[in-house]
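Those protein sequences? They're chains U and W, same order as listed. Counting from 1, position 67 in the first sequence corresponds to residue 67 in the working numbering; the numbering is continuous, with no gaps. Counting from 1, position 23 in the second sequence corresponds to residue 23 in the working numbering; the numbering is continuous, with no gaps.
Please keep in mind that the hints were generated in silico from the structure rather than gathered at the bench. All clues given are correct.
Over 10 Å on every C-beta distance to chain W, these chain U residues come out as not near it, computed from the model:
1. L30
2. F80
3. G88
4. Q100
5. I134
6. G135
Derived contacts from chain W toward chain U, CB cut-off under 10 Å, selection only:
7. Q4
8. A10
9. L16
10. F17
11. V20
12. M33
Yeah, the Cβ is synthetic: ideal placement off N, Cα and C, and Gly gets one too.
One-letter residues, chain by chain:
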Amino acid sequence: MANSNPVRTKAAEAASAGTMAVVAPAVGWLIPGAGHMIQGRWVRGVLLFVSIATLFLVGLGMQGHIYKANGGDILDILGFIGDLGAGGLYVLTLAMNWGQGAIAFAIADYGTKFMIVAGLLNFIAVADAYHIAIGKKQ
Amino acid sequence: MTIQLTHFSAAFVFALFASVVFGITHRETTRDMVRYGLYCFVMFLGGAFVAGWAMWLIRR
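Please model the entire structure based on the sequences and the hints provided.
Below you can see the structure in the form of structure tokens.
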């Protein structure tokens, strides 16, 4: 009796895919790689999480600077957009008041760029999770 | 705790993790993901070497 009503089954599948197309990117933004994990792509999700989280945390450990929304300067705003991509890691960093280092030496500047790039990479991972959810990618 | 990386090790860490993400997100099959990830890794580090030597030549 599982396929007694194919129209209703297809409608339910479409609704489920539509929900996943919203949930997967949202969860993936909050926790890097989680958008892949909730769709059963465990290995990809774990690799994405390890890569993005490590890059962000190494940047933080290098005394990188975290940008905030009220930067004012256009470069600060761009830095904020990049940092924001890291989702939960960015929120945690702000909440713990980490990432307040002044960019006074080269390694700290690298750290700042590491955190921005980690956020930008997470944006790509979020887009990938969305493509999986809508069936554009396996 | 402060992490101290040399310029090369910083480039290595960046290339490694960025390549993993690029490989996973830009290709469909596992084989293609690995190949593209390796390609990106080599290009990132190779680019750093080329840029380094270019700057050395300009400085002379």
